[in-house]
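> Below are the chains, spelled out letter by letter.
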Amino acid sequence: MRFSRYLRTTLHLSWLGLKNNFMVTFAAVGIVGLIISVFAVFLCLAVNVENAIESWKREIGVVIYLNPEITPEELGKIQKMVNGYPGVDRSRFISPQEAWEELSRKVRLGPELLDSLGDKPWPGIIEIKLQKPFWELENGAALVASLSRLPGVDEIDYGQEWIGRANRFFRLVETTLFGLCLLLGMAAIFVIGNTIRLIILNRRDEIEILNLLGASSGFIASPYLLEGLIQGLGGGAVAVILAFLTYRFGMLPLFQTFGFAGDLNLSFLSLKTSLGIVTVGGITGLLGSGLSVRKHLVL
Amino acid sequence: MIQLYHVNKIYSGGVHALQDVNLRVSKGELVFLTGLSGAGKTTLIKVLMGLEQATSGQAIIAGINISRMPAKKLADLRSKIGVVFQDFRLLMDRTVEENIALALDIRGVERAEIERRVTFILKKIGLIHRKRTKAIYLSGGEQQRVAIARATIYDPVILLADEPTGNLDPGLSLEIVNLFKEINARGTTIVVATHNPLLYADHPGRVFWLENGRIKLEG
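Order-wise, the sequence lines are chains P and U.
Under my numbering, the final residue of the first sequence carries the number 299; numbering is consecutive throughout.
Under my numbering, the final residue of the second sequence carries the number 518; numbering is consecutive throughout.
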């Protein structure tokens, strides 16, 4: 049989199979969609938590309190040296005057409280943001130790202990969420494969008839494989839609209610990940269908 | 067209279903296999279809020795044979037209040609008005006629029928036999296994009587 004719016949028989088993097909796509959507929602949550942790870490910084008596020339030299350190992403000098204004603005101190701070001179500050590898405690601490040896540095604020604890907590959250995603993903693959396998099992009479009519194994298998692929792809697409609806009307309002949404910069799964989910659905459907058909091919 | 030499079939439980069966059916012949239930008729038909492999002996069907043929290669044999069963084996959720067309779809026939041949055969068996009816809504006789149409639409060289009238009343049974005679008249070799004497009562050709897996009489 010519390939184009073979393809047309396969499409025709698949169409008949899907049409005549519409309710079963509908149920299969629904089940597959629901199962993958649970995985997709968790993946969306995990990706957002991961992003939030990363954006929080990006804000980890080092504050250098300078000796109030350093000259502008000395300050220039220190700034140059700081910027030359490996691990320093960017730095900003805040003069005592700017620091005072910022403190007044942020804390809204009353005049009597401001007076009570006395005439003690304020130090100038250099705020440093770190590059990604230095968000980790070990690297950050080593950089801080080096910076503290610079001339004109009075004190350094890094929050070593707190960062260490936060990092351990974040690692635990990430591991738990991605572990759950992995488990859900495996469960989804197992259930999809079996759902489609059972659907094909239900049509074993059809396979036997095709065998009796003299169809080759490849010819018999093709429409079922295509149907499995379509059901899997359909389920994957339904899952992405369900997950998006859950994100849009569940996750987002929930985070907004608690005032996190803006800070966390929530987003849905990327197009690449969404297509990946649909593809995995399709491949699993194909495999489930293939295993089932293979069992009934040879009489 | 069909040659069996000393064919034995022993099932795994030790049941000797066929014992030293020798049979020759010539091209264009119509023969009946008959006997009581459990005589071995269905096993013999299954061996001819390649659904069961003979434990020993040789089975040559349409020039193909199927005795030791791997199951995967049997598709070649089945493409030359038409099969009809007692339970019709139709796809009940498909229309009459779709059921019959399936046999041509498998053989890669163009859609327009399929349409033409299905219409032709449906007119022949008097079911053109049921073309788009799902098989499940047909009567037993209609279902069997559709099964025969499906088994013969690709002009097989051999037609094998296992108790084709087992689920039909006497009137319909004769209708089916007449249909077989018409097909046979066009040159198709036909083997019908049946326990219904009505089918072969006035048959001028050969009838084989099976008993305990052996051919006892040939008449």
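Note that these hints are calculated values from the structure, not bench results.
Owing to the predicted nature of the structure, the values given are computational and were not obtained by experimental measurement.
All C-beta atoms in this analysis are idealised placements derived from N, C-alpha and C, irrespective of residue type, glycine included.
Take the hints with a grain of salt, since some may be wrong.
[Claimed, not checked] Quick list of the computed label-pair ranges, beta carbon to beta carbon: (1) P:253 / U:409: 33 to 39 angstroms; (2) P:22 / U:412: 45 to 51 angstroms; (3) P:245 / U:425: 43 to 49 angstroms; (4) U:372 / P:245: 36 to 42 angstroms; (5) U:313 / P:24: 58 to 64 angstroms; (6) U:313 / P:2: 46 to 52 angstroms; (7) P:26 / U:515: 45 to 51 angstroms; (8) U:391 / P:190: 48 to 54 angstroms.
[Claimed, not checked] Facing chain P, a subset of chain U residues (Cβ under 7 angstroms, in silico): (9) 359; (10) 362; (11) 365; (12) 372; (13) 377; (14) 385; (15) 393; (16) 404; (17) 411; (18) 496.
> Checked against the structure, which of the hints given earlier come out wrong?
1, 2, 3, 4, 5, 7, 8, 9, 10, 11, 12, 14, 17 and 18
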